[in-house]
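Colleague: Knowing the structure of chain A, use the given hints to seat chain B on it.
Quick note, the sequences are listed as chains A and B, same order. Throughout, our numbering is defined as the position within the first sequence, counted from one, plus 15. Throughout, our numbering is defined as the position within the second sequence, counted from one, plus 15.
By construction, these hints were calculated from the structure, which means they are not laboratory data. Just so you know, not all the hints are guaranteed correct.
When chains are identical, the list treats them as one kind, so a pair holds in a single copy or across two.
Said to hold, decoys possible - Below, in silico cross-link-like pairs of lysine to aspartate or glutamate (DMTMM-like), each with a Cα-Cα straight-line distance of 25 angstroms or less:
1. K255 / E302
2. K269 / D281
3. K337 / E28
4. K141 / D327
5. K316 / E116
2 protein chains.
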Amino acid sequence: MKTEQENSKRSFEPIQTGVTQIFGIRYPVIQGGMIWAAGAELAAAVSNAGGLGLIGSGSMYPDELIRQIRWAKSHAQNPFGVNIPLFRSDVGELIKICLEEGVRIIFTSAGNPKKYTPFLKENGIKTAHVVPSVKLAQKAAAAGVDAIVAEGTEAGGHNGFDEITTICLIPQVVDAVSVPVIAAGGIGDGRGMAAAFALGAEGVQMGTRFALSEESAAHENYKMAGIAAGESDTRLIAKKYAPVRTIVNPFTEKIIAAENSGASRDEIIRLLDSGKAKAAIRDGDTENGEIEIGQICGMIKEIKPAAEIIQDLLREFSKTAKVFKTLAV
Amino acid sequence: MKTEQENSKRSFEPIQTGVTQIFGIRYPVIQGGMIWAAGAELAAAVSNAGGLGLIGSGSMYPDELIRQIRWAKSHAQNPFGVNIPLFRSDVGELIKICLEEGVRIIFTSAGNPKKYTPFLKENGIKTAHVVPSVKLAQKAAAAGVDAIVAEGTEAGGHNGFDEITTICLIPQVVDAVSVPVIAAGGIGDGRGMAAAFALGAEGVQMGTRFALSEESAAHENYKMAGIAAGESDTRLIAKKYAPVRTIVNPFTEKIIAAENSGASRDEIIRLLDSGKAKAAIRDGDTENGEIEIGQICGMIKEIKPAAEIIQDLLREFSKTAKVFKTLAV
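For reference, chain A alone in the conformation it holds in the complex (with noise of 0.2 angstroms):
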């Protein structure tokens, strides 16, 4: 894993929020645990550069988080976590792997934190809880959880009905939560993580950005759409029932039509197979597939290590935070 190369890259002093001190990591940044790309050797790859890399479990059967787990705990010089989606009918067991494991940090996502949260917090667990909306954000904050993703509907993948953005998503869960705020959804740059800290944020997840780097396991012509993709390209499909952000492609204009002429739930769903992600993004399907996919990819031109993504972001969010000092206020 370069780690050698890595740490000398660490040109950046650590930034410390209450996301850093929480997790015990170097920089307030965390890689999503986008199914099919975020696996170990991403993880391991963030983490060492000083982020938090995080296993995305939604794509694996258990014996495979096991060897994921693994390979990056014999790679990762630092933290790494794993995300685990609720609605997962083997969570307990996803869970049992994780302690078993020696894993320390765990962010849930779909479902309800309520549950499980007090378990993995008197097992030592630090937590976080993916949400798109203030009323959730409060529920996880009521489960007990160490901090919050406050998502936006500009996100990749699944997503909430509601459809608020980042920018107004932000601010109204920090201030209705004291646990501290991880902003994602648009995040593709230090620009953008320098908004989210305007908006109250004290750390960022970004998912396209790492699905889009060198480690990501996901296909190649998964990337290639990613990087291809302009600022229009992406939509929010099945809004009504399962609301999901991908690439428009042949599949998601036949998803787009069914939803326009009135098509029912059990159509939409039908249509949106569960294997058509696996089919984009680990298989390389782009036509017949499900991209999913932020919409800040059409800001993303290049396909890098992790490491330098982490440098790059570092370098604009450090030369973005200074034009504040130019504005005499």
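Modeller: Okay, now just chain B, sitting in the frame of chain A:
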């Protein structure tokens, strides 16, 4: 217009950006020219407080526009402008009125700026054009506008088709054009303003915050509906034909139901009768009218004088700017 009182409140030093230089204003804060809400009283109050007030001509007949401009001229000590939606069949007449009445600043929206911008420039008018995408920003820049208002999908009222959010849109527009960019959509306080600057904007345009001000011409019922609305209470309706962001009410629900059942373009456009915005905003029919408003209304809890809104904005912007100094990078 309580000029002395307002001047005494000017506790903040000027903020110098490309936007303040072009328009000759003290603070890079523009009040959107919203139909029915943005009359001369609001525009004069904003301009007297150091921002740029805009009269929204979109809801005015030519003789009403003349009356409003004259009122603003006799009450504003600083520059103010007029917003002209370019889909109006009488654009030429509205522009002629502005020139005859000595208006020096015109913001155009909802149309192609290519036809009128050169004429405006020849007549010494400072111009900006409102766009929802990078592509249209480039067209506006090519048309010769002095500045661009890049407006995210979280904005109230009529909106772009591509649903690009402010945090994604602003940096990409900033990278694509060389004129100063004014961020709009989702900005309701000084944190949002700071976020816009982090993203590279040199000014902000706020509609919703000023529509919910004391000097706004909107009906009291409209203002109360805006104050009462939560983060999840607006929707972008008629997305396929004429996207417009409104508060969900019985009127909106009819449109959403029609869309969900696969209604035709004609049917949707018929339901979106143009008198509906007037009914809600001017006349206060919040049941059957179209309550055009931005998603950030969820954050706004109080009707205040425009001057106080600007002072609060600058105070919070300043406080936010200081946060960056504590982040050692």
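Colleague: For K255 vs E302, is the C-alpha pair at or below 25 angstroms within one copy, between two copies, both, or neither?
Modeller: Both: 24 angstroms inside a copy, 23 angstroms across copies.
Colleague: Since the copies are identical, ignore which copy is meant and state whether K141 and D327 lie within 25 angstroms (CA to CA) inside a copy, between copies, both or neither.
Modeller: neither (28 angstroms within a copy, 37 angstroms between copies)
Colleague: For the identical chains here, do K316 and E116 meet the 25 angstroms Cα criterion within one copy, between copies, both, or neither?
Modeller: Neither. Shortest intra-copy (37 angstroms) and inter-copy (48 angstroms) distances fail the 25 angstroms Cα cut-off.
Colleague: Classify it for me, K269 with D281: is the Cα-Cα distance of at most 25 angstroms met within a copy, between copies, both or neither?
Modeller: both (15 angstroms within a copy, 23 angstroms between copies)
Colleague: Tell me, please, which holds for K337 and E28 at an alpha-carbon limit of 25 angstroms: within, between, both or neither?
Modeller: both (15 angstroms within a copy, 19 angstroms between copies)
The earlier numbered hints that this structure contradicts are 4, 5.
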